[in-house]
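Visitor: First to last, the sequence lines map onto chains A and B. Position one of the first sequence corresponds to residue 1 (my numbering), numbered consecutively onward. Position one of the second sequence corresponds to residue 1 (my numbering), numbered consecutively onward.
No lab work stands behind these hints, which were simulated from the structure alone. Because the structure is a prediction, the values reported are computed rather than measured. Note that the Cβ used here is the ideal one computed from N, Cα and C, for glycine as well.
Here are the computed lysine to aspartate or glutamate pairs in the DMTMM-like style, where the Cα-Cα straight-line distance is at most 20 angstroms:
id: 1; chain 1: A; residue 1: Lys100; chain 2: B; residue 2: Glu53
id: 2; chain 1: A; residue 1: Lys100; chain 2: B; residue 2: Glu51
id: 3; chain 1: A; residue 1: Lys42; chain 2: A; residue 2: Asp84
id: 4; chain 1: A; residue 1: Lys100; chain 2: A; residue 2: Asp31
Some chain A residues near chain B, calculated using beta-carbon distances under 8 angstroms:
id: 5; residue: Lys42
id: 6; residue: Phe46
id: 7; residue: Phe89
id: 8; residue: Leu101
id: 9; residue: Phe103
id: 10; residue: Gly104
id: 11; residue: Gly106
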Amino acid sequence: GESVGLHLPTLSVQEGDNSIINCAYSNSASDYFIWYKQESGKGPQFIIDIRSNMDKRQGQRVTVLLNKTVKHLSLQIAATQPGDSAVYFCAENSGGSNYKLTFGKGTLLTVNP
Amino acid sequence: EAGVTQSPTHLIKTRGQQATLRCSPISGHTSVYWYQQALGLGLQFLLWYDEGEERNRGNFPPRFSGRQFPNYSSELNVNALELEDSALYLCASSSRGWSSGNTIYFGEGSWLTVV
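Using the sequences plus the hints, can you model the full thing?
Guide: Pasting the structure below:
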């Protein structure tokens, strides 16, 4: 079956360090991936996305890497700040034009001052 | 510009009752998606509406239903409430239809508590 999973359920980093959150997916047909950030008591906030025809995409302080060979997705956050503390979800679309966005269980990122 | 708005913020219902949750998409967006997020769990896809039609449905029983109005707002109805329906219900929207790369944006959610 399809699944989107995370290698690390929790990640604790020091302020100013770089953070890497990993995600494995099992459906090789998935063509679109998104990272969301969810702070406590709030809805998920879009961070960055990437299509399957790319292997890297950069945003402001964030980079998403896609390795289709091993079906692995990662989110890199540069110079992590306390405000980055949240649960991070990866999501994949495996349904093409028939919406089927599947979310992983999430990784809790804690940034220590 | 307003984001996705949901109401009510919190709702408490008794087992067996019905709950109705509402969502207004971002202006210009025609697709609305509903997700359930139970405490400590990930997001589970419920329903997708586009142009007033139900386009896709997740693995939930028929007592979870909804509709989309001509102004693209949507409501989610949960009948015969069960204790395990207690969760954060998230609505999201995107511009016309769905295609990879068509970013979806979430609202802050409605907390439903069934007692």
